[in-house]
Amino acid sequence: MNAVWRARASSMTISGSRSMTTRREIVFGLGALAGLMSLPSLARAGADDLTRISGRAFGTRWQVTVPADADARKIGADLRHLLAGIDHSMSPFRAGSELSRFNSRSEITPFAASEPLRTVASKALEIARLTGGAFDPAVGPAVHRYGFGPIAAGRSGRYTAFAVSAEGLSKAEPELSLDLCGIAKGYAVDRLAGHLRDQGLPSFLIEVGGEVYGFGARPDGRPWRVGIADPLRTGVHTTLPLTGVAMATSGDAINAYEIAGRRYSHTIDPATGEPVRNSVASVSVLAPTALEADAFATALLVMGPEGGLAFASANRLPALYLLREAGGLKARANRLFIDQGRA
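Those letters in the sequence shown? Residues 1 to 343, per UniProt numbering, in order.
One should not assume that every hint holds.
Stated by the list, open to error - Pairwise CB distance ranges, derived in the manner of DEER restraints:
no., residue 1, residue 2, range
1, ASP78, SER279, 36 to 46 Å
2, GLU175, ILE338, 39 to 49 Å
3, ALA77, THR243, 23 to 33 Å
4, ARG197, LYS330, 34 to 44 Å
5, SER54, SER122, 41 to 51 Å
6, GLU306, ASP78, 22 to 32 Å
7, GLY273, GLY194, 16 to 26 Å
Claimed, not checked - With a cut-off of at most 20 Å between alpha-carbon atoms, the simulated DMTMM-like pairs for lysine to aspartate or glutamate come out as follows:
no., residue 1, residue 2
8, LYS330, ASP230
9, LYS330, GLU306
10, LYS74, ASP198
11, LYS74, ASP49
12, LYS123, ASP69
Since the hints were made in silico from the structure, they are not lab data. In this text, all values refer to a predicted model and were calculated from it rather than measured experimentally. Ideal Cβ placement from N, Cα and C applies to all residues, glycine included.
Construct the complete structure from the given sequences, taking the supplied hints into account.
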């Protein structure tokens, strides 16, 4: 999901779970998450069996919840190192990042990018093709034009102007730019999850700027549960279990403004080059990886509820739309999402 990703030094705190976050506090915390609305929802029962590790990266908050007997300080140091590497590679706010160097170069010959950057760029272009361009990592200049993103130079293009090969990244025209903000935080969640699995942790819950992934079960045997915020008022609209799957939410509750009665959000419709104009307040998507959930949430926001639910069902993606209507908020979900909530 496209969101403002400001380069900032990562910080970290470690705490036990005795002072649990309430539902009300969870939703108030959205202001620090750049508009992202999928958040951990931890029950009080068994809280002493959990430890939270948290910090800042990409201009947002990250949090990892692990069993209390895990080596939290080592885990925290490892995760902070991983996040810093991703930030230095893919942040468009860092002039010296790999991505910024690719965007600023005038050559159209392949740019020798690292394997992680090639992987994320390749996946971004693959999802752009699959969604018919509803997710398009080439709209960075348009995001900036409406006051949200960092990529001011050049012009917006289409994803078809970019290519990834063993030699690196290439673009058809020098002035085009690639923006991975709508997918990189999901990738970060996946990298953190992979590291924790490699370390043998039996269970954990990861959240980076609203992209969430749950693995295993809580120490008391219950599944991890996450909450989806009500975008129109303080509160949680619904909660659902999250085990071995990721969830991301796109919406305009935070990153938006109004002029003369028209709402302008940070999500650009690639077909028009303007902010999306539909009734969607938020859309939440579940996928096997957080990278996929992140990108598909943006795509479904652009598609709107009719096309988005059809696409989600055809591609086996549980999805929930929260729509603004005259009487308030209306929920629309596909059967896959309803079944996930019953799990």
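Going through the hints against the structure:
A hinted range of 36 to 46 Å for the beta carbons of ASP78 and SER279 is consistent with their spacing of about 43 Å. The hinted range of 39 to 49 Å is satisfied by GLU175 and ILE338, whose Cβ atoms lie roughly 46 Å apart. About 27 Å separates the C-beta atoms of ALA77 and THR243, a value consistent with the hinted range of 23 to 33 Å. The given range of 34 to 44 Å is respected by ARG197 and LYS330, whose C-beta atoms sit roughly 38 Å from each other.
Here the CB-CB span from SER54 to SER122 is close to 31 Å, at odds with the stated 41 to 51 Å. Taking 22 to 32 Å as the suggested C-beta distance range, the pair GLU306 and ASP78 does not conform, at roughly 44 Å. Hint check: GLY273 to GLY194, Cβ distance near 36 Å, so the stated range 16 to 26 Å is violated. For the suggested pair LYS330 and ASP230, the alpha carbons sit about 11 Å apart, so the restraint of at most 20 Å is met.
For the suggested pair LYS330 and GLU306, the alpha carbons sit about 14 Å apart, so the restraint of at most 20 Å is met. Straight-line distance between C-alpha atoms of LYS74 and ASP198 comes to about 14 Å, which keeps the hinted pair within the 20 Å bound. Restraint check for LYS74 and ASP49: the C-alpha separation of about 18 Å stays at or below 20 Å, so the hint holds. For the proposed pair LYS123 and ASP69, the alpha carbon gap of about 36 Å is over 20 Å, so the pair is violated.
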